[in-house]
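**Q** What follows is the residue order along each chain.
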Amino acid sequence: MVLTNLQVPGKELSEIITEFSSDSVLDFSEDWVQIDKSNLLKILNFMHTNSNIDAAQLCNLTAVDMLDYFEVHYHLQSLDLKKLYSLKVIIDRDTSSLPSICDIYLGANLQEREIFDLFGITFTNHPDLRRIFLWEGFAGHPLRKDFLQMENVTPGLPSFPFEEEGKQNR
Amino acid sequence: MTVQENYELNIGPQHPSTHGVFRIKVSMNGETIEDLDMIVGYLHRSMEKLSEERTYTQNIPFTDRADYLAAMSNNLGYCLAIEKLANVIPPQRATVLRVIFAELQRIASHAMANGTLVSDAGAWQTPLLYMFREREKILDLFEMTCGARLTTNYMRIGGVAFEPPAEFYPLLNDLLGELPDKIDEYMDLLSTNEIFIARTKNVGIINPKDAINASLSGPALRGSGVPWDLRKADPYCDYDNYDFDVPLGLIGDSYDRFMVRMFEVKESVKIIKQALNNLPLGMHKTQIPLALRPEPGQLYFRTEGPRGELGYFVVSDGGPAPYRLHIRPPSLINLSLLKQLAIGSSLPDAIVTLGSIDIVVGEIDR
Chain A
3 MVLTNLQVPG KELSEIITEF SSDSVLDFSE DWVQIDKSNL LKILNFMHTN SNIDAAQLCN
63 LTAVDMLDYF EVHYHLQSLD LKKLYSLKVI IDRDTSSLPS ICDIYLGANL QEREIFDLFG
123 ITFTNHPDLR RIFLWEGFAG HPLRKDFLQM ENVTPGLPSF PFEEEGKQNR
Chain B
0 MTVQENYELN IGPQHPSTHG VFRIKVSMNG ETIEDLDMIV GYLHRSMEKL SEERTYTQNI
60 PFTDRADYLA AMSNNLGYCL AIEKLANVIP PQRATVLRVI FAELQRIASH AMANGTLVSD
120 AGAWQTPLLY MFREREKILD LFEMTCGARL TTNYMRIGGV AFEPPAEFYP LLNDLLGELP
180 DKIDEYMDLL STNEIFIART KNVGIINPKD AINASLSGPA LRGSGVPWDL RKADPYCDYD
240 NYDFDVPLGL IGDSYDRFMV RMFEVKESVK IIKQALNNLP LGMHKTQIPL ALRPEPGQLY
300 FRTEGPRGEL GYFVVSDGGP APYRLHIRPP SLINLSLLKQ LAIGSSLPDA IVTLGSIDIV
360 VGEIDR
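Same order as they appear, the protein sequences are chains A and B.
3 is the number of the first residue of the first sequence in this note's numbering; add one for each residue after it.
0 is the number of the first residue of the second sequence in this note's numbering; add one for each residue after it.
In isolation and in its complexed conformation, chain A is listed as follows (with noise of 0.2 Å):
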């Protein structure tokens, strides 16, 4: 709904993307357009070395959870052209994997990590998939909706003897 100076309505985009690869763009609104997960690399492939679209930089790379399913969004631009893209792709919540485009974009690389910590979402062909702020081994993945925040603690970390004690007193 919310269009910024560079970005590029989501309509014109959507029209690009169709032109190249027909059955891509399943939806568009006003500020993006959501491509089909099985034809990212190749539409960002496209976006990336076509030189009237130019998307040479990723510059943000997020995921939302929608409850049903997980959004990823992806936000491109051209630094010659002055333009920003905004793409997504809907996955479902149970096989949440998508393919890695970190061959792509190299910025890439710690932001789909950060996605796969905190959402727990895998990219396939990832070189370096592993947890980054979190500690391998931990329970859940605390940006999905349904973690919740204190009864998700790891089990095998002890509690605070101090807080034992108050509850016993109490």
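Sample of chain A residues facing chain B (criterion: CB under 8 Å; computed from the structure):
#1 L8
#2 G109
#3 L145
It should be emphasised that the hints constitute simulated quantities derived from the structure, not laboratory data.
Even for Gly, the Cβ is constructed at its ideal location relative to N, Cα and C.
Use these hints to put chain B onto chain A, whose structure you have.
**A** Chain B only, in chain A's frame:
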């Protein structure tokens, strides 16, 4: 016959040259780095999760604590994003005050970045404290305006929290008068200093193509000669009405990144002078509802923070709290190339490269 084996060296998490609780594990062959792994997350507070349970205004203090060396810039980016989403228009005076404070913060942040870089390069403490001298004056100005020096929490959705006191303006004018001379003093001290040049010239060279592909932004990108400054390219806060230049590096080494920051301080002084001349009278804040409820929608809004593209991705479901708030951390993403830059170099060079990229761990981990 001797057998050589790689050995692992651990730097951090508590180490002066990692600029915070940031850990690097390097595999060394003699003096040469063969592999590097960075371990972050010691400062992870899960701000993005916490912000989903707080109102839009209650989230402003979180942004201070993300990049604690550039709290004003973070406040500004967040408030602008929410204003755009909720269609709030701040008064003209607030916009100009925001520019003044954001540019002061840029000077303070660059002073810190360059001071610690010089410190990393071996000039222990003296240049760092020189630069802290000016930073201290800026923090004093922040303190007299909003009561805090680092976590300012000064910007509000729809304006700024307080009007600067009367004694703010003469002190700011004094500071602006002396800053260019001080910058020249540092240049005399450092930019032609033989040891400093030996430590930073041709160290950590990033070519422009890699810099763009690895999503670098801010001085790390401009140091490689890419003319990309969001204040020029995607103006916000009426930056297109100000007259300033975008300094660029020549070859993209640590020295260039240092010099870009130095010249940016001079440009910031120019911007603040223009802003002071055009400071309109009027309100410093517009009234917004206590629980702001933007229309359902999403927005990616970015500003040029001291470290680079500081973006806020906000998804609203029409409720009083953001459905999802993502902070695009320039510090984290600027580290994308650290491994490639470090492999094959010596450890002291890698430390200088890290220092010249300028990270803040609070922002990396959030």
